[in-house]
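Put together the whole structure using the sequences plus the hints.
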Amino acid sequence: MRFTTLCPMPGPRSLLVLLLFCATGVFLTGIQWGLPSRDADRYLFGDKTPWTGPQVQMLADLGSATPWDDPSRGADVDANPLRKALQLRKQIDLHAATISTSQPASQPSTESSTESPATVPVRSGDAPQSTAAVVESQVESGGIVVNSTDSARAEIVRRYRLFSHQPDEFITFAALAKMRPANFDFDPRLYQYGGLWVYPVGLLLKVASVVGYVDLRGGGGGLSYYLDHPDAFGRFYVVARLYSAFWGVIGAWALFAIVRRITASQWAAFAAGLLFVIMPVVVNAAHEAKPHLAGFTLTLLAVLAAASYVETGKLSHAIGTGVVCGLALGMVLSALPVFAILPLMVLLRPMSWGDRGRVAIFAGLVGLLAYALTNPYVAVHLLRGGGALQSNLGNSKAFYDIHSPVEGVINVARLIIVGTSPALAIAGALGTVILGVRAVRTRRETSPQAVRRRAHGLLLAGPAILTAIQWSLVGAGKPGEFGRFLLTTDVFLAVEAVVLIQTYARNKIAASLLFSVVAVQTSLRGTSYIAGFVRDSGAPTSRDLAAEQIDQASKSGARRIVLAAEPAPYAIPPMNLWAWEMVVPPSGQTAASVARPGDRVVEALEGQTPISWADKPIDVRTAK
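Note that the UniProt record's numbering has the sequence shown beginning at 1, numbered continuously upward.
Read the hints as simulated data drawn from the structure, not as lab findings.
Please note that the accuracy of each hint is not assured.
To be verified - DSSO-like, lysine-lysine: derived pairs with alpha carbons at most 30 Å apart:
id	residue 1	residue 2
1	LYS555	LYS478
2	LYS555	LYS48
3	LYS397	LYS314
4	LYS478	LYS624
Said to hold, decoys possible - Using C-beta positions, here's what the derived DEER-type ranges look like:
id	residue 1	residue 2	range
5	LYS508	LEU545	45 to 51 Å
6	THR590	GLY313	55 to 61 Å
7	GLY221	ARG535	32 to 38 Å
8	ALA539	ILE426	37 to 43 Å
9	ASP185	THR312	40 to 46 Å
10	ASP47	ALA429	55 to 61 Å
11	ILE402	LYS624	36 to 42 Å
12	GLY221	TYR400	37 to 43 Å
13	ALA510	PHE399	43 to 49 Å
14	ARG506	VAL437	17 to 23 Å
Quick caveat: nothing in here was measured; it's all calculated off a predicted structure.
By construction, the Cβ of each residue, glycine as well, lies at the ideal position given by its N, Cα and C atoms.
This is the structure in structure tokens:
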């Protein structure tokens, strides 16, 4: 059976155009999800007058240990981590020294607080305590109050006015804000996301400003403006997400080309492309202002370039492969397994071992050069001893801690199913085994079709398998959103599933049924992600509903609320910063462990779309 027998035969270009049209429609639907706005003010301030942008910025800056644009700090490092007690002490000391002694009419009044800036509520009959002392006692007892001063409240407000519902999207704009083009300083202070991501986003924002879609403003005045107009800043996210979606469409084209060359069937290529477009992990990645989908697409392009070298032996194709591998790494560091393509490329081409070594090394050096050209400040910081590079990479060191590999393997298997579907994961795993055995048995076949099929399949398998191994080592205990790192493995399984059906199904009815089971289950899961993005694009969102529930609890007399994470729009719904005592657990503890009977506890759950932050279910419960 071949997919070509299922329907009348349109031209391959027609199928490709249809595929790209579908990809564009899917990737753009709900792209305006979870954008910042001032809608949260009604919950954050209650019946108080919301602070203006300059007021928020002044108070938040008073609580920062270092300036927001400190050149030695990585762009993804929080300048004001509310969870840290020592940081809170600095906030309070600075706040008391500069705010409580003098109150200009244009600034937030400390009289609007339920307590003086330098003290927090105490039980009747107790002597007033400094907030620093209270913070120390709270840390010892297992809780940290994060809204005890106007400075801390301003930092929370700033997050709700600038951050989206995705926790990592903002760091791209933080990186752009740290650059000083007038001083020829284009260092993003962000190196996990590469220059091929950050610089084009900056260029696209400039183009968008020229056509009037975004309002670009720099410096502290610009930040204050965006704090007053979060909707204007929200358009930045849309522009960056469009860049990610663009790479998703290119990825659909590249996968179509790969599968067509493996199977010589345009229908099989179309089927694989459709699975790609509707897979949960791809749908999610295309809707986020993050470089992972772009890095994966460059991996697909590297496979195409390397396969051309295997078939032709032209050095220019090997050089091109090295360039694309370097660009993939230059897009995002997690694309590092792409370099597995280079040794596979020379192993699949008949030649002497000496020539293999020379070609692989040369292509690898070309790849490193391509990376360096798109990320020049990495080399600069390495030569200077670290600086922002050390700060940036050190900030996520714990994320890559290798531990409990068995648990990691189990969790990665779970996340592969989450990113695909049970039917697709099973079919892909079967295809990997069966087609792998077939590849071994036919390894001596030298026909052009056999060489082409083997080259494309094995070149994609290399980074896919390495990706699974790499993330299994650090995957223990990782949440659903970690599934985005398994994009290469997930799509490889989709290819194997389609090729398995194309190769071994004996008649069109069997092929139709098998593909339908895989496609329907995968599309249902992918559609749930699309629906989540659509729901999160307009009110009321799941966070709005939780905010209303919390507001009603406050009006009924509840006063202490324990948060599973620091207050930010992606993790915690907005709530009255003066009515609640907002507590977060110290690092290593859970919200439940520090909650007292009667406390409200708030926690974001994985829900039915674990990889996505859109339409995140929020659990608001009363501690027993």
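Now for the hints, and whether the structure bears them out:
1. Between the alpha carbons of LYS555 and LYS478 the distance comes to roughly 37 Å, so the proposed pair goes past 30 Å and is violated.
2. For the proposed pair LYS555 and LYS48, the alpha carbon gap of about 15 Å is at most 30 Å, so the pair holds.
3. With a CA separation close to 41 Å, the supplied pair LYS397 and LYS314 exceeds the 30 Å bound.
4. With a C-alpha separation of about 28 Å, the suggested pair LYS478 and LYS624 falls inside the 30 Å cut-off, and the hint holds.
5. For LYS508 and LEU545, the hinted distance range of 45 to 51 Å is satisfied, since their beta carbons lie about 48 Å from each other.
6. In this structure, THR590 and GLY313 meet the distance hint of 55 to 61 Å, their C-beta atoms being roughly 58 Å apart.
7. Checked against the hint of 32 to 38 Å, the C-beta distance between GLY221 and ARG535 comes to roughly 35 Å, which is consistent with it.
8. In this structure the supplied range 37 to 43 Å holds for ALA539 paired with ILE426, their Cβ-Cβ distance being about 39 Å.
9. Look at ASP185 against THR312: about 44 Å separates their beta carbons, and that is inside 40 to 46 Å.
10. Hint check: ASP47 to ALA429, Cβ distance near 58 Å, so the stated range 55 to 61 Å holds.
11. Checked against the given bound of 36 to 42 Å, the beta carbons of ILE402 and LYS624, roughly 37 Å apart, stay inside it.
12. Between GLY221 and TYR400 the Cβ separation comes to about 38 Å, which falls inside the hinted range of 37 to 43 Å.
13. Under the hint 43 to 49 Å, the C-beta atoms of ALA510 and PHE399, about 44 Å apart, fit the expected range.
14. Hint check: ARG506 to VAL437, Cβ distance near 19 Å, so the stated range 17 to 23 Å holds.
In the structure shown, a violation is registered for the earlier hints numbered 1, 3, in ascending order.
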